[in-house]
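Protein chains in written order, with this note's numbering: chain A, 1 to 197; chain B, 1001 to 1551; chain C, 2001 to 2193.
Restraint-style ranges between C-beta atoms, simulated for each label pair:
#, chain 1, residue 1, chain 2, residue 2, range
1, B, W1441, A, V28, 34 to 42 Å
2, C, I2175, B, K1008, 29 to 37 Å
3, A, P102, B, K1468, 31 to 39 Å
4, B, A1442, C, I2158, 27 to 35 Å
5, C, A2161, B, R1003, 38 to 46 Å
6, A, K164, B, E1539, 25 to 33 Å
7, B, L1452, A, K164, 15 to 23 Å
8, B, K1505, A, R63, 49 to 57 Å
9, A, A39, B, I1375, 35 to 43 Å
10, C, K2094, B, W1441, 30 to 38 Å
11, B, K1008, C, A2161, 23 to 31 Å
12, B, L1464, C, I2175, 57 to 65 Å
The hints are simulated quantities; they were obtained by calculation from the structure and are not laboratory data.
Ideal Cβ placement from N, Cα and C applies to all residues, glycine included.
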Amino acid sequence: MLSALLALGILGVLFGLLLGYAAIRYKVEGDPLVDKIDAILPQTQCGQCGYPGCRPYAEAIARDEADINRCPPGGETVIIALADLLGRDPKPLDETCGEEKPKMVAYIHEELCIGCTLCIQACPVDAILGAAKQMHTIIESECTGCELCVAPCPVDCIEMVPVKQGLDSWKWPAPPPPPYERPAADDDPAAEPAGAH
Amino acid sequence: MHRLFQFKGGVVLKEHKKDSSAIPVRPAKLPPRLILPLKQHIGAPAEPVISVGDKVLKGQLIARAGDAISAPVHASSSGTVVAIADHPVPHPSGLPAPCIIIDTDGEERWRPRERNVFNFADLKPAELREIIRDAGIVGLGGAGFPAAVKLDPQGHEVELLILNGAECEPYITCDEMLLREHALEVLAGLLMMRHALNAKRCIIGIENNKPKAFRALYEEIRNTGADVEVVEVPTIYPTGGEKQLIQVLTGKEVPAGGLPIDIGMVCHNVGTAYAVYRAVEFDQPLISRYVTIAGSVAHARNLEVLFGTPVGNLIEECGGNRHTLRRLIMGGPMMGIALHTDAVPVVKTTNCVLVESAMHDVPLPSRNEYAMPCIRCGNCANACPVNLLPQQMYWYTRARDFDKVQDYHIFDCIECGCCDYVCPSQIPLVAYYRFAKSEIWAQEAEKRAADLARERHQFREFRLEREKKERAARHKKKRRAVSKGGSDDKKAAIQAAMERVRAKKAAQDSAPKNIDNLTPAQQAQIEEADRRREQRAKENHTPMSTEDSPR
Amino acid sequence: MTEYALILISTVLVNNIVLVKFLGLCPFMGVSRKLETATGMALATTFVLTLSAICSYLVNEFLLIPLDLEYLQTISFILVIAVVVQFTEMVVHKTSPVLYQVLGIFLPLITTNCAVLGVALLNVQQQHGFLQSAVYGFGAAVGFSLVLVLFAAMRERIAVADVPEAFRGPAIALITAGLMSMAFMGFAGLVKG
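Modelling step: build the complete structure from the supplied sequences, incorporating the hints.
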């Protein structure tokens, strides 16, 4: 009996020491997972997820406080990517956070702008050019479409406009589902999708 | 006898080439209006150097190259520039693009000759490339990559310069006719290209279904004694693909994701060689090319077409299509694109105009209406000339798993359509791959934009922090200075400053002195200003008018 | 030499620990959704299995048997396994945080993987020597990894295929596992014993 206790006890102590040493030797600093989550998020810094920016949301996901379906600008792509990264199941976008909208950029109507700099202070990526009592303008290529500048403007001169789609940004459309996957509705031959040759 | 190799896969197609190669080529009729897109090549669009209303001569530069990888555009005929505007261009999207539109005057007056090259071998390769670049020459095989860039060895040793006369797609015979009629000029162009690249060997590869073209080239090589070899390759589609032709002629494979120059080879189209000859010998920029018009037209043939000619004009010139049009294709049946309108112009990369109608069925890659489930037969993998796994790429694109699709090397797919053609379930495979590629590119672009936005955001936070710290430091310094007592001088200065502020405030507080005894003119002015202010206040509360939208 | 080769073939193919002996089914079903995670899990389990087989043998041989404490085999083997798993967990957390996050709960669950304890106990039952225990443990791990990777590859393809509604998810996975098991049972008779 005693030998049993002693044997197991010594074994336990030895292993405990080994583990203790290993815990110190292999200590992990910081949380690189947050960086990986942050790399997936679209960096709009809009706050629609409920957190003040993309990094705080990433940290919340890593801590398991936030669900992965709270990002409207990221849309389904981001939800699926996060699900893949974290080994969870993808879910549809949380409606309370907002809806997925086509990409927009802000536009300042210059004849109404009074040069108050309130929108400049609101922009999370410094995409507005201007100074006090000088004309303000949006740098279109840097605007992420977060809409944080629209509210602070005292003369309501900022409008969200859809991004112009040209030949450069055109994408091949997804092939439509084949006939055997469509519900057997009516039989009129489907119109040829543009450029489907 | 040159030893030939094989590439795995490929399909043997019915050629349909007899109709369009029966009669000699003549120039197409001059159209009343030419539409010249600013981007007829791979790279940055050209920038116009003329304005609306200018009179231009044939061959005049109308748009200069936009970038290092770009090509200039020249007027195909003399006339007046009527517009620089958006116009439908040959693109699968059907979207318009900026074009220069010229109304021809019918006189075809050439611009004066600017250069005279007596012996191209006296030029330095860089000078030769300069001439080629200024002539707006791009790859006429279909891709449209600026030829001057592709004639720059960029430090590599060029073992072999291949001229691609294979023309493997059915219906297309423009390269064949060019070789039959201008073999000597093509040969001369090849020698000029060899000089530019400092290549060791030259081979012209042509498929064995073009005996007349082969004979023409062989005779010219024998007569001129040029150190060039012309080799017949088996007629298998897609031998005309750059990488496939290299494999057939040399047995070497271009590494995945790489370029032929990585293994010391360069491949150009025979049409490009002809254009090089004309540019160097006659100082003629690239303004026309041979185009095959085939399919459901009364007289299928080849024409020498000026760029900017609307496609509809060509079809009419060939007798037109008298049956219900099913599809108008620019390019061949395997790799061409369906056009949305016949008003699109012929551009530098147009090799064929194919008319498909109810009376003339073109054997095309599959259409989605007839698609059946994939039975995993593996025919597609057997047919793929690039040794990819089309079946896997199809399933993963269907599931939108783009990471796995990239693992299967989708960017090495040349979109030849072989897999599509052999699929027993008639699944439109190439449509899936094109979709996958553009999705992946779009995702990468978004990722780059997101990374940039993150950097800007982080810098902004850093900037705000820095400003706060600077302000705090300044504050502390000032407070320390003040609390240290300071000398009497300073106290006096502070007192004087405070006096000034008080005086200013007193001056401001005084009521305005000009509100009584107003003249009628002044009163009218005041009423006008009041009215304007009320109007603006009303406007500010109305919703934004849509005319103000910039797009 | 042939003896060790035979042990290897026996544990990897003929008496495959997952598909023939039906041990270690939990991570087999749980971690085989993606090939990368399956490979990571396979490596982790190989490390744990081999090391714990060796350590269990040593503990048994030099502590339990001399002190007549064979009845403590189960608990002391579990102790050894738990320590090895903890150690592995720390190393994985340090070297690959993504793998750590993705494996999630399955990494510490290697402790309860009946394959690990099973191999340790089978070594005792079959009275293997030191080298034989090591080879047996390693072979079982290789068999486990082989089957896990194969199954993960198949599941990835099934995930994007046209599975009928009723069979989607765990159903088709279990059917596939059953078919694989029948295939592996075909190896019976390859090795004598």
